[in-house]
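Engineer: Chains as they are written, first to last, in this note's numbering: chain G, 1 to 309; chain P, 1 to 433.
To be clear, the hints were calculated from the coordinates, so they are not data collected in a lab.
There's no promise every hint is true.
As the list claims (entries may be wrong) - Covered by chain G, per the in silico footprint, the following chain P stretches (three or more residues, Cβ under 8 Å):
(1) 352-364
(2) 414-422
Stated by the list, open to error - To give a feel for the contact side, a few chain P residues facing chain G, derived at Cβ under 10 Å:
(3) 235
(4) 253
(5) 255
(6) 308
(7) 309
(8) 310
(9) 314
(10) 432
C-beta atoms are modelled at their ideal positions from N, C-alpha and C, and glycine is treated no differently.
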Amino acid sequence: MTSSLAFSVFGVDWQFLKPFIVIGLAFGGVYALSGVGLVVLYRATGVLNVAFGAIGAAGALIAYYIVNHTGWPHWLAYTICVLFGGVTNLAYGMIFGPAFSRRDALVKMMGTLGLALILLGLMAWRAPAGGAFARFLPLGTSQTHYTILKTSVSLTQVIAICLAIAITAAVSVFLRVTRLGTAMRALANDREASAMLGVPVRQVEAAAWFGSGLACGASGLLLPDLLTSLDYSALTFLVISSLAAALIGRLRSLWVTLVGGLLVGVAQSILSPYTNVSAYRSSAPFVLAIVALLYLSRRRVVTISRATT
Amino acid sequence: MKVSRLVIALTLSVALVASVSFAASAASSKAAKVGSAAAGAGKCGLGNGKKATGAPIKIGGIDMLIPGVDFTTIGKTAKAYFDCVNDNGGINGRPIKYILYNEQLNPAQEAALARKLITSDKVVGIVGNTSFAECGTNWKYYKSKGYVVIGAGVQAECYSTPSFAEVNSGPRYSNVGAAQALVKAGIKKLAIASPDTISAYADGGPALVAKKAGIPVKIFPTHLPVTDATSQLIQMYQFAGDGGGILIDFTPDTAPAFMKAAEAQGIVDKVKWGSSTPIANTFMSGQFSPEFDGHLWIDNEFSNVDPKVGPDSALMFKILQKYAPKIAPQAFAQMGFLDGKFATNALLSIKGAITAKSYNAAVVALKNQKSDILCKPFYVGKLPYHIPNNTNIIVDYKDKNVVVKNGCTDFQAVDKSIAQTRVWEKQYHLNGK
């Protein structure tokens, strides 16, 4: 290489690694976006929602239908995809949230697993994978490219990274300066005391379910473009990466969740050129999540939810 | 309060089911868009327009269905062909009952299904099988029972044992044809990707072609379903370099992810693209930007998917339209059509009782079976292995259509079995020569 930046990282030329970093950051942005949604919901309701991937996938499938089989404008399809996430999440939270409110975190999580499996079953039933053709949900932004440090970066990738940062910042500010945000933080700190002090628990929970669902819907919209295919099973299980990000953030810190998401994305992607380990790169979220869990155990952080009013 | 919550729950559940179902139906309705059948189509079986009403003749099949690969299209099209035969006099008045099972790349399941078909379902023949592993699992069993499967092969045992007569060339030889064309087009390096489960066999052939031409080659075994096509494609491009060749060997469920990634990365026109057969159809060509036009060397094991090619092609379009409207006309449909056609020909050639013994003897006796879907006639014969489809064409995309780049050409005899097959063809006049 002629560039002054020519050096190798564990035997792989830096120039070769750059595209993988960009791809990883974009995926990481989406993981972080979902992860932030997971953390907000967990903090407000005590529910770790593992149906995020399935809800996002179902929303993407609806957008796919609208784009390919109706004359509706694409922006409307994308909006519906995001809103589907919010509304489905809200509906689940309002219907099943009260029933699960006095159960521990594991039971609450299993409830969302049920939702994930129902959605997965519906998608497998009505849109079976395969059929000897593929589905795509490309965004117009993937046609716009920039060259940064001699590396091609699409506008979708830029949006994924910037949206994650913007949403993390906005949610952080929201939690600090608004009444609803203060109420959410109060619920997270002490649910019973908050209720006794007049915090409207159901309304605050509804806002958390809806808001986190929107993040999930946005992730469902971005991922098919980044993956260059709409594979609902792959989208459903990408929630694992978001969970890893949330765990790295100890289900508390939004900014650490953001960093965790980006870390998971980059770790997964950057292993690609390393032939000896690339086959194991899909396990990167698991490894990082396990490390995070071990760290949590070391600090004796209890993640079991408290009973609600 | 409880009642109203229940009502809300039910309403929202129905809305959820409806919305997902509504969206999901996109898949099937999109696949249903097929071209209209041309006039002058061939006939199904006896072609007399009379519905068969006698005792059914049982035929079975096993197709693999895993995330990222759907081979059931082949069996479903064979069934569509049999349905057409049943509406046209059947096998001298008797309808064919086709029993199709799916397997999930599970050898235990494959073995159990083969035994179920033969011992429980008591099928007289097995037709339309396609899997990454079923040939290897069941060839000895089929041999012990005297069954010769007419199917579409993938792995080595489909082309190296007496139990299978495949209508297709399979991924190894289709990749050989594509690599051969890429080398001829002047590539300097070659990167090849196939599903990891078949990579050693499927990619080994084209790698031999490249090595023989003195071209550096690198294989990228790919785990399915592909979750990050862009990363893998970048690795392949980094190896192949500008002007190099990238050969992808995936079904229509997976190949588009790589091609869309190439569009997104802006590298479509920087390399020469090779592919095995599955993406050689207008349904696929319609999904990509015109950037790919002129940059593709797709090996097609069959004639172009076009009703104007001849009576069998026209018939296939008609059959799909009437009996399997959800299946798009493409290579897997051609395979299923040919499986159905040749099995029907074998059944119709039987004089006397139709049993497993008489049917499989009729299959072995098949030779010089002409079809405009094939470059040269299909045959079976009493041979230690069968590779009847060893002449392919090369196609490209142009204006959302598939166009022929090179006509019927023998693919390189990278294995001794190919050279031996061509000797047998002449020696026993298997395809009329």
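Engineer: Compare the structure with the hints numbered earlier in the document and write down the numbers of the violated ones, lowest to highest.
Structural biologist: 1, 2, 6, 7, 8, 9 and 10
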